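Chains A and B, in that order, are what the protein sequence lines are. For the record, in the first sequence the residue sitting at position 365 is 365 according to UniProt numbering, with numbers rising by one throughout. For the record, in the second sequence the residue sitting at position 103 is 103 according to UniProt numbering, with numbers rising by one throughout.
Keep in mind the hints are simulated off the structure, nothing from the lab. Fair warning: there could be bad hints in the mix.
What the hints assert, rightly or not - As a list, the in silico DSSO-like pairs of lysine-lysine whose alpha-carbon atoms are at most 27 Å apart: (1) B:K169 / B:K147; (2) B:K107 / A:K66; (3) B:K169 / B:K107; (4) B:K147 / A:K70; (5) B:K18 / B:K33; (6) B:K107 / B:K33.
Unchecked claim - Sample of chain B residues facing chain A (criterion: CB under 8 Å; computed from the structure): (7) I24; (8) T31; (9) F35; (10) N38; (11) D41; (12) S42; (13) V45; (14) D46; (15) Y50; (16) P51; (17) E52; (18) E53; (19) Q54; (20) F94; (21) T98.
As the list claims (entries may be wrong) - Computed, partial: chain A to chain B, Cβ under 10 Å: (22) V215; (23) R227; (24) P229; (25) R316; (26) V324; (27) S325; (28) L389; (29) I390; (30) T393; (31) F416; (32) L418; (33) F419.
As the structure is a prediction and not an experimental result, all values here were calculated from the model. Backbone N, C-alpha and C define an ideal beta-carbon position, used for all residues, glycine too.
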Amino acid sequence: MSMASIIVAIIAFVLGALLALLTIPVLVWLERRTAGLVQDRLGPNRTNIFGFRLGGVIQSFADVVKLLIKEEYYPSHIKMGKWLFMLAPIITFSAALLAFMVIPFADTLVIDGEALRMQPIPVEFGVFWYLAIGAVGVIGVIFGGWLSHNKYSLLGAMRAASMVVSYELPLGLAIISFIITYNSVDFNAMVEFQSDTFFIFLPAWGILIQPLASVILIVALFAETNRNPFTVAEGESEIVAGFMTEYSAMKFAMYFMGEYVAMNTASAVIITMVFGGYQLPYVSTQMLLENFNYFAYTLMIVVPVFVWWMIRFMRRNNRVRPSVSTDSGRAYETKVISIFLVAMAVIVDVILLYLALSPNALATQIAVTLLQIMVFVIKLMAFNMFFILIRWTLPRFRYDQVQTLGWYYLLPLSLFNLFITAIVVVGVNS
Amino acid sequence: MSKNIITTPRYGKSFKDKLYLPAIYEGCKVTFKHFFTNLNDSNAVDTLEYPEEQPRDITERYRGLHRLTHRSDDTIACVACFMCATACPADCIFIEATEREDGKDEKMPKKFSIDTLECIFCGYCVEACPCDAIRMDTGIFSLTGVKREDFVLDKERLLSHKGAFGEEKSCARN
Ligand code: SF4
Ligand code: SF4
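Bound-form chain A, shown alone:
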């Protein structure tokens, strides 16, 4: 183990943890703002620190503080297994978190001939890790529901458990189709496969090669994350708050955050398996490395354009209506953020120019890695956005509809797809 490999491993781990944990407040905020805009209202946009509202993200941090200092309350009927009652949300939360840790953010970084994986947990059997850890989350839900000694909670937990069982099968079969197609259980190899093209011009993304399996994967992962339209574990109209009825303060927050981490993990898995992971379409890592100066020039144009667009957007929207007299520092905030963005753009452009003019193998590689991480984050957020918009589009399915969909439609379809995949792959290879 060289110095570089240790540093890269630490950076990858920290990055993974940050991506998983820091996205929670951002996702909570994103969800609330999106919900607001979809429903023709605004969502949280007031909380600020010295006038900085950042569009309302600060609200999520305020909520975290609130939940942390809230009174911990235990129902008095929970005598035995109190520690398990406390542990349950942690299980759900950490399962989702650990499952996220095998997603590659960028291609393997080669320093001094040593291949360093940009994965928080650098394993080559990522898919198996995901399948093994990802489903553990529901155990936390079952424990929580069972130990609450409450019929609503128990029903919610049972519903969650049976749903996860029903959807684990189509999910597994869909993933096996992908494993056969990509001929690997390594997430990174899957992404590399997808940087190719097929049919001459189409990017070889999973959604185009395996459309049916992709749809099944996406639907099954929606169910696994317990999000709309598959929120059968909760349900105000029939089982109150479901398995988390008896949970309060930070214990509740753990479940709540676990849902967002799970959603983030599901998005990461979907983009890695189906939407080309950290790759831009048509552009493989090798190509990026070889023609880096062209990409640098393109980026040098894209970044200022984006900053210009962002500043215009802020000036248009980060103000109050004329009918409201107090501005509460919005103009000031716009100004400071604009200056910050412009400075960032200038710095990025200077660095890119330097890299483009005087090629340096190591620096180029690091720049490419950073670029890929950026692409990954953008794709991840875009898919999270999709999750959120689906939530505000579809109503919750009835419980029997959920089961019917799982057993009568998805399972046969995924079996059929597996069958076809096997025939095609064997046919192509022989």
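For chain A, the structure is supplied; the task is to place chain B with the ligands on it using the hints.
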């Protein structure tokens, strides 16, 4: 079949409906449209920026905070009959009666308080009152405070609330 019976067509039987994905696509189109229009110009979203902008459309029938009314000579209209406290399903009206000195009636409340933290704003107290002494026509829709005690309205506070829709005096007794 009578011509007044309308048979609505049942949806969900065709293959397209069963596939469900086109429906999701249609739904997403609607949500995306709202989302992007509003994102593009969030100041055009038709909401009230409370508390800077106050609602202007509170109707006369709005059940706001309680008040105790006055008679035409500005004395308290309440005769401490306890009807409201009896009718109150939340048990949040506390009355202490005392003898009335001004010769108008026999009794009046010495203390009259409503714990609005428990009140469910059902309006039963208004219905029950035989003297039109308690009303919920103040138009006050928000009550804020920093302590629990701030939410217990005492007699003085209830008397100081003004009716928002013109009728200031009690019309039942003089
Ligand atoms: S509004 Fe209803 S709950 Fe409130 S004080 Fe009157 S009777 Fe009681
Ligand atoms: S407010 Fe009306 S009902 Fe209540 S005690 Fe006074 S007179 Fe009786």
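Results of checking the hints against the structure:
1. B:K169 / B:K147: Given pair K169 of chain B, K147 of chain B is violated - Cα atoms ~32 Å apart, limit 27 Å.
2. B:K107 / A:K66: 49 Å, violated
3. B:K169 / B:K107: 19 Å, holds
4. B:K147 / A:K70: 17 Å, holds
5. B:K18 / B:K33: 25 Å, holds
6. B:K107 / B:K33: Since the Cα atoms of K107 of chain B and K33 of chain B sit roughly 64 Å apart, the hinted pair is violated (cutoff 27 Å).
7. I24: 7 Å, holds
8. T31: OK, holds: T31 of chain B within 8 Å of chain A, min 5 Å.
9. F35: 5 Å, holds
10. N38: N38 of chain B check passes; min Cβ-Cβ to chain A is 4 Å, inside 8 Å.
11. D41: 7 Å, holds
12. S42: Hint on S42 of chain B: holds, closest Cβ of chain A at ~5 Å, below 8 Å.
13. V45: 6 Å, holds
14. D46: With a closest approach of 7 Å, the D46 of chain B hint holds.
15. Y50: 10 Å, violated
16. P51: Hint violated; P51 of chain B Cβ to chain A Cβ min 10 Å, cut 8 Å.
17. E52: 4 Å, holds
18. E53: 6 Å, holds
19. Q54: At about 11 Å, which exceeds the 8 Å cut-off, the nearest Cβ of chain A leaves the hint on Q54 of chain B violated.
20. F94: Status violated, d = 28 Å.
21. T98: It is violated, given that the least Cβ distance between T98 of chain B and chain A is near 41 Å, above 8 Å.
22. V215: This hint holds: V215 of chain A lies near chain B, its Cβ roughly 7 Å from the closest one there, short of 10 Å.
23. R227: 14 Å, violated
24. P229: 9 Å, holds
25. R316: With Cβ-Cβ at 7 Å, under 10 Å, it holds.
26. V324: OK, holds: V324 of chain A within 10 Å of chain B, min 4 Å.
27. S325: 7 Å, holds
28. L389: At 5 Å from the nearest chain B Cβ, L389 of chain A passes the 10 Å test, so the hint holds.
29. I390: Given a least distance of 7 Å, the restraint on I390 of chain A holds.
30. T393: 4 Å, holds
31. F416: 15 Å, violated
32. L418: It is violated, given that the least Cβ distance between L418 of chain A and chain B is near 20 Å, above 10 Å.
33. F419: Status violated, d = 21 Å.
When each numbered hint is compared with the structure, violations occur for hints 1, 2, 6, 15, 16, 19, 20, 21, 23, 31, 32, 33.
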